[in-house]
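Residues per chain, in single letters:
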Amino acid sequence: MSLNLGAEDNFFLDENRFKQYCEEFVKHSEEIGDAWEWRTIKDFPDGYMSKTHFQIKNRNIPPDLRQNVNETEEQTSFTHFEETMDDSQVAGVCAAAEVIRYEYHVLYSSSYQVPVLYFRACFLDGRPLTLDEIWEGVHECYQARLLEGPWDTITQQEHPLLGQPFFVLHPCRTNEFMASVLALSQKENRYMNYISSWLSIVGPVVGLNLPLSYAKLGSEQKTNID
Amino acid sequence: MRQEDVSEIWFEYEGSPLKWHYPIGLLFDLHASNTALPWNITVHFKNFPEKDLLHCHSKDVIEAHFMACIKEADALKHKSQVINEMQKKDHKQLWMGLQNDKFEQFWAINRKLMEYIPEDSGFRYIPFRIYQATTERPFIQKLFRPVAPGGQLHTLGDLLKEVCPTAITPEDDEKTIQVMIHGIEPMLETPIQWLSEHMSYPDNFLHISIIPRPTD
Chain A
1 MSLNLGAEDN FFLDENRFKQ YCEEFVKHSE EIGDAWEWRT IKDFPDGYMS
51 KTHFQIKNRN IPPDLRQNVN ETEEQTSFTH FEETMDDSQV AGVCAAAEVI
101 RYEYHVLYSS SYQVPVLYFR ACFLDGRPLT LDEIWEGVHE CYQARLLEGP
151 WDTITQQEHP LLGQPFFVLH PCRTNEFMAS VLALSQKENR YMNYISSWLS
201 IVGPVVGLNL PLSYAKLGSE QKTNID
Chain B
1 MRQEDVSEIW FEYEGSPLKW HYPIGLLFDL HASNTALPWN ITVHFKNFPE
51 KDLLHCHSKD VIEAHFMACI KEADALKHKS QVINEMQKKD HKQLWMGLQN
101 DKFEQFWAIN RKLMEYIPED SGFRYIPFRI YQATTERPFI QKLFRPVAPG
151 GQLHTLGDLL KEVCPTAITP EDDEKTIQVM IHGIEPMLET PIQWLSEHMS
201 YPDNFLHISI IPRPTD
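Chains as they are written, first to last, in UniProt numbering: chain A, 1 to 226; chain B, 1 to 216.
What the hints contain is simulated information worked out from the structure, not anything from laboratory work.
Here a beta-carbon is modelled for each residue, glycine too, at the ideal position from N, C-alpha and C.
Each hint should be verified, as a subset may be incorrect.
[To be verified] Derived coverage of chain B by chain A (criterion: at least 3 residues anywhere in the stretch with Cβ under 8 Å from a Cβ of chain A; other residues may be distant):
no.	stretch
1	47 to 61
2	68 to 77
[As the list claims (entries may be wrong)] Partial selection, computed: residues in chain A whose CB lies under 8 Å from chain B:
no.	residue
3	S111
4	P160
5	G163
6	P165
Extracted from the complex, chain B is given alone in its bound form (with noise of 0.2 Å):
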């Protein structure tokens, strides 16, 4: 292709555009979890779809975005203390760490993230968005307490009956349904808490999918 031929790169999966900005794991679960692999996708090089994806002009705007999610993350688990505390450097080497695959350059920072005072039992309210491919709403994001005033602790189950009900209900259980993060379906009594401390992807977010269930 010619230089000039070529404006904004952009991806697509039967005739929808891929955005760059959600984790590759989260695009596969919504659009593809019951392919094969190898997942495959179209790229392009014109007719940048402006309506739909968000301009990316350089590896800056990726991280910037990066940085964006751990701070919300933070904000909604501690209030941004943990995150405000941290130096300019702790920032970079958590965006460095991801860029380049370097688990324990991450983790030395990504840990205090992951931390909360032993009175608290969990964080404030836990960072999470649930996607449904069929809604044209893009996610939903609430706050919702890990942990119930008794001290009791709020599963999964019962993030999807507070924040989504209609997703689930009686007759669609786990029948016609999928709840999947990261491929799997965790099950519906896991705590919460522990599903943002173990399970989030790197930006400290619980990125759920809510997918028809196959049916072979």
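So that you can see chain A by itself, here it is in the shape it has in the complex (with noise of 0.2 Å):
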């Protein structure tokens, strides 16, 4: 892996090497049904992953029903909702719950080399959540770690390909803890997907779970190559 290691042993991450980790991160994604895609922007040879899912805001829903929607499973999509259910139950059950659609953008920073998360959430009508609203559909064990990481604050930011707000996990520090992970694959001699290692740290903070599966990506290569 080229990972321009300077002098102080910083871990970066260049442009291309991205593209190439999120390439290998979606063919498995679409392998599994994951729904992330690789997004463009029309004239630029830029582009990000991305993701939506929705969520439905488990309010009074009826106990014949609640065997059909995991509270800790964030996959849950509508339309498997509906599958299960005849038109009156669905009438019955929206009308007590919230759906909350919510998007998630992997981007590259090219000042900090680094990739970066980018994410919000709304209602359906269209109005956004605000960050203590995205927080209540955080399990509490991720909101500790999100307040004892070695990363600074979440703030709303202006999404550099679309520009729009977003809210952001700020970059700066996203080096310090990726480093370690690092280090040990490449003592170990053994291929890491940077992205899949990276998301699955700071995904679950965020409300945003990886299976398990991606981390045999690229199992088939033995070792680094370069």
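Quick one: dock chain against chain with the hints and give me the complex.
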């Protein structure tokens, strides 16, 4: 892996490597139906990974339907919900529940040479969620991790490719927590997809979970190349 | 107006919500550079455009944004070494100097962010953003070195050719578009290192607008 090891032993990710890791990641996502896709913007070579999923904010769901809705499964999609119920049941549940649309984007920061996670959430009528409202959907144990983690606060920033407000986990300390993960994989001469490792660390903190199968990405490669 | 009717304030010009986190000079260059002063904008107290503007509920948000830009600029110029060596009180002095319009106080700290070791001939990378009102993409920002491997200084023209070649085609040139920083058009032959040291905004970024040249 070309990781530009400077004298300070920092592990920077260059943009081409970023795109390669994302490509591998998206390919696996397609295999397991995890809904990540690569998006590009008109007239430019830049791109980013994107995932949208819907979550029901569960309130007063009748007991007989509860078994269809697993509160800890963040992947519960709206269509899955519909398949198991008839129209009157759907209407009943929707009246009591609120559907939230979550969007996660993984972009590359050329300034810090690391990936950055942008996210936002809104109700179906378009009303955006505040950061506090998003927190309510994050499991308690991850809320603690957010406060203790080696990252600065989450702030609202302008999405550099779309120009719209998103929440962002600040990238300036990504190197800190990725360095030890990378060093270990290098030491063991084991291939590691930077994006899946990084996302498995930062994702859960903002309500995004990664199925374990991502950990096996590239395992056919026994050793690190170049 | 009654207190209960007032929610977050926001500004707009000819239907476009104005991004408070952009420097005012940049907003003027981009939206109204060829109009006469004073620049008339509309102040709103209701219907905050959630999809377009960042929230700004206090001055702390502005300070945090400004400092984030300063840090990002130093990450590009000096791998964050200069900004990280400073103490919190130096960061505070930078912000207070800007907020209270105290030139000497601001530059006492900012001059350190403009230094580089002589052997390098310049910064590691130049902090810049190029804006075009016509595109959906808000700005272009890429890694760009101020000095070529042979030691020649890269110019503003070199930057534009490398980073947004479609903006300056041979047919376009200086006839149909303007390349503007702080309301003026620097010569394309100007070394980008010099521009970065002398024409950056207080956040240490060069905010460059590409706008259609007025036909009058």
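Here is what the structure says about each hint:
1. Counting residues of the stretch 47 to 61 of chain B whose beta carbon lies closer than 8 Å to any beta carbon of chain A gives 6, which reaches the threshold of three, so the coverage claim holds.
2. For the stretch 68 to 77 of chain B, the stated coverage by chain A is satisfied: 5 residues place a CB nearer than 8 Å to a CB of that chain, which reaches the threshold of 3.
3. Satisfaction of the interface hint for A/S111 is found here, the shortest Cβ-Cβ separation to chain B being roughly 5 Å, below the 8 Å cut-off.
4. Nearest Cβ of chain B to the Cβ of A/P160: about 7 Å, under the 8 Å cut. The hint holds.
5. Because the beta carbon of A/G163 sits about 4 Å from the nearest beta carbon in chain B, less than 8 Å, this interface hint is met.
6. Taking 8 Å as the C-beta contact cut-off toward chain B, the hint placing A/P165 at the interface holds, the least distance being around 5 Å.
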